[in-house]
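Okay, here's what each chain looks like letter by letter:
2 protein chains.
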Amino acid sequence: MSKARQLLQLPGVFEMHRGGVITRPTIAYETWGELNNKHDNAVLIFTGLSPSAHATSSAVDPAPGWWEEIVGPYRPIDTRHYFVICVNSLGSCFGSTGPASEAPDTGEIYRLNFPVLSLEDVAAAGKAVVDFFAIKSLHTLVGPSMGGMTALAFAAQFPRCSRNLVLISTGVRSLPYSIALRSLQREMIRRDPDWQAGMYEPGQGPIGGMRMARKLGMISYRSGAEWQQRFGRERIAGERRSGDPFAMDFEVEAYLEHHAQKFIGEFDANCYLYLSRASDLFDLAEHGGSVEAAIGSIQAERVLVIGVESDGLFQIDQQRELAAGFESVGRVVEMAELPSIQGHDSFLVDMDRFRPVIDDFFAVG
Amino acid sequence: MSKARQLLQLPGVFEMHRGGVITRPTIAYETWGELNNKHDNAVLIFTGLSPSAHATSSAVDPAPGWWEEIVGPYRPIDTRHYFVICVNSLGSCFGSTGPASEAPDTGEIYRLNFPVLSLEDVAAAGKAVVDFFAIKSLHTLVGPSMGGMTALAFAAQFPRCSRNLVLISTGVRSLPYSIALRSLQREMIRRDPDWQAGMYEPGQGPIGGMRMARKLGMISYRSGAEWQQRFGRERIAGERRSGDPFAMDFEVEAYLEHHAQKFIGEFDANCYLYLSRASDLFDLAEHGGSVEAAIGSIQAERVLVIGVESDGLFQIDQQRELAAGFESVGRVVEMAELPSIQGHDSFLVDMDRFRPVIDDFFAVG
Chain A
0 MSKARQLLQL PGVFEMHRGG VITRPTIAYE TWGELNNKHD NAVLIFTGLS PSAHATSSAV
60 DPAPGWWEEI VGPYRPIDTR HYFVICVNSL GSCFGSTGPA SEAPDTGEIY RLNFPVLSLE
120 DVAAAGKAVV DFFAIKSLHT LVGPSMGGMT ALAFAAQFPR CSRNLVLIST GVRSLPYSIA
180 LRSLQREMIR RDPDWQAGMY EPGQGPIGGM RMARKLGMIS YRSGAEWQQR FGRERIAGER
240 RSGDPFAMDF EVEAYLEHHA QKFIGEFDAN CYLYLSRASD LFDLAEHGGS VEAAIGSIQA
300 ERVLVIGVES DGLFQIDQQR ELAAGFESVG RVVEMAELPS IQGHDSFLVD MDRFRPVIDD
360 FFAVG
Chain B
0 MSKARQLLQL PGVFEMHRGG VITRPTIAYE TWGELNNKHD NAVLIFTGLS PSAHATSSAV
60 DPAPGWWEEI VGPYRPIDTR HYFVICVNSL GSCFGSTGPA SEAPDTGEIY RLNFPVLSLE
120 DVAAAGKAVV DFFAIKSLHT LVGPSMGGMT ALAFAAQFPR CSRNLVLIST GVRSLPYSIA
180 LRSLQREMIR RDPDWQAGMY EPGQGPIGGM RMARKLGMIS YRSGAEWQQR FGRERIAGER
240 RSGDPFAMDF EVEAYLEHHA QKFIGEFDAN CYLYLSRASD LFDLAEHGGS VEAAIGSIQA
300 ERVLVIGVES DGLFQIDQQR ELAAGFESVG RVVEMAELPS IQGHDSFLVD MDRFRPVIDD
360 FFAVG
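Protein sequence lines correspond, in order, to chains A and B.
Residue 186 in numbering that gives the first Met the number 0 is what sits at position 187 of the first sequence, and the numbering runs on without skipping anything.
Residue 235 in numbering that gives the first Met the number 0 is what sits at position 236 of the second sequence, and the numbering runs on without skipping anything.
Pulled out of the complex, with its shape left as it was, chain A reads as follows (with noise of 0.2 Å):
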């Protein structure tokens, strides 16, 4: 848990977009820099899937965050002049409320009595923390994978929250091709005996399933072209190695094995599974009755749309498509397709091509 978060509880309960209701919800986030007097330098950015708000380091935790090279001091997005925020996923397990939270009034763990989560949910949850801290106007709203699904889903409940939007590696909705990823993914988390119908006791889930699930995600998150240049054919070294004819062989199952065994630990199962099934339920066309309608209500004076051409879980077609969507209602916006070879992941990992494109961004704002 990072040093650096902070925790907004909610009064009251919190409606769900899809029916049923949450008692005084909490909301972890972290902030960096400084908010100033006119309360108009705020950045919230909403995350991916799996990370916690710790976005990036700070004097309070110095530990590097899962952004570090874009947020901080002389950076992209740069913390001497912007307040800028992260909020842990409604539904998550980093601090904010979520299906492994115990319910305030009832005292037990909510596991799957947890109401649908949508992603309108978890937008709602960051708008309830950019009230808190009195902003009217976001300077930018940004998200990355789910998150940018989120600041989507932000955007169509609250269409003058925010000035400029970045949305990288995303979508308007989500296609079959991830759907069917994530329906396996839980299937395989949802037929670990240990899952027991998610009644599992706190820190003891259904491991094997949760790691074949992140193994899923490492394939879909990354390229075929990127693993080739990284283990091509290596065998991991022969100590490693065991006498079963169908034991890890190959370098790439030991990096997936090493992924998977980091995850594990890290991430609650029903968590995993509210979260998923929120990507795939979301389409911004229930916002209006089309995508055309619910982009045109979005009143952000600039867009900018960042896609990478080896991404085969939001592939370019969906940048384009949202880049597309903004340019027909008058929209800036800016679409910078990368050749990044790293897939979906991309953002995480190749920052000599994302740096110079969101400090282009944010330089002008």
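Since the hints were made in silico from the structure, they are not lab data.
Careful: at least some of the hints might be erroneous.
As the list claims (entries may be wrong) - Derived Cβ-Cβ restraints for the label pairs, each shown as a range:
1) B:Q260 <-> A:E326: 40 to 46 Å
2) A:G288 <-> B:Q260: 34 to 40 Å
3) A:E291 <-> B:Y73: 47 to 53 Å
4) B:D351 <-> A:I315: 47 to 53 Å
5) A:Q228 <-> B:P10: 44 to 50 Å
6) B:A62 <-> A:Q260: 43 to 49 Å
All C-beta atoms, glycine included, are put in the ideal place defined by N, C-alpha and C.
Use these hints to put chain B onto chain A, whose structure you have.
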């Protein structure tokens, strides 16, 4: 089981490429058309990982085969002119000896006592059928997907045994992306408690694991563009939906479930594991020290390479590498890059694009 299936039992022991032996293995195959007096009109087809030898229908077995529109009278591989042989891969479970077969010397089912399987073994088993028919030189050797790697393993081991080569959606080796996918599929099966470390009773294997492995197979065999056209965000009919928040909701999920259901009754889990690992292990460079050396040794006159732009499993670059390799050693090469949207599986479904390319190649010969 196809009524047209023939069985060839090899005498003595069959030495495996990576060590170990199997005793008196059986090779299942089917044939269509007539072998001519000169024995020079034979076409040998190796299959992908999961099909049987039943490539097409016949009077004896009118059930449609897995390549029904390609093989038969008046079809691209015209059985009025060619004597077509399709073999069930050694290690598979449709008549050929594999991990699900009884070892003749012990009376026990092989299970994990089956030696490490290589595509070189699958190729050598096919060669035994060729020898059985006293065929010195095949007119054409054909292989899609894993069958294409098997065809390369055949040509590298028996370099003068085929005058023409048709390689479809395949490559000179398995790359880390496909190894990662197959490794995860194997993990799904091996983590299923019903796998019982390979000791499950015949017909009772790890159904949950196999179902998921097949779903991941479908995800890697098709393409996002195709599913977007076919399913978009269609929901399944109300009556098929349950109250479970993570049950199937989208049509694409029902489609995967349907295919998985069909598969689990058919394919043996241990056989799947062995064939999957055999695919990982294949590297044409092992024949002669480099891909160039291996290709240079293969004495085929004409080579047809077909690749599909949307193929994520054997990407189009791998077909280009193959075509360039054969060209560099002076073979007559035709390379067809097809704009099919059905991904790796296009050779099974996009018949309007595949038919004319294969037809042209066989028409000249």
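Hint by hint, here is what the structure shows:
no., hint, verdict
1, B:Q260 <-> A:E326: 40 to 46 Å, "holds (45 Å)"
2, A:G288 <-> B:Q260: 34 to 40 Å, "holds (36 Å)"
3, A:E291 <-> B:Y73: 47 to 53 Å, "holds (50 Å)"
4, B:D351 <-> A:I315: 47 to 53 Å, "violated (27 Å)"
5, A:Q228 <-> B:P10: 44 to 50 Å, "holds (48 Å)"
6, B:A62 <-> A:Q260: 43 to 49 Å, "holds (47 Å)"
Violated hint: 4 only; the structure is consistent with all others.
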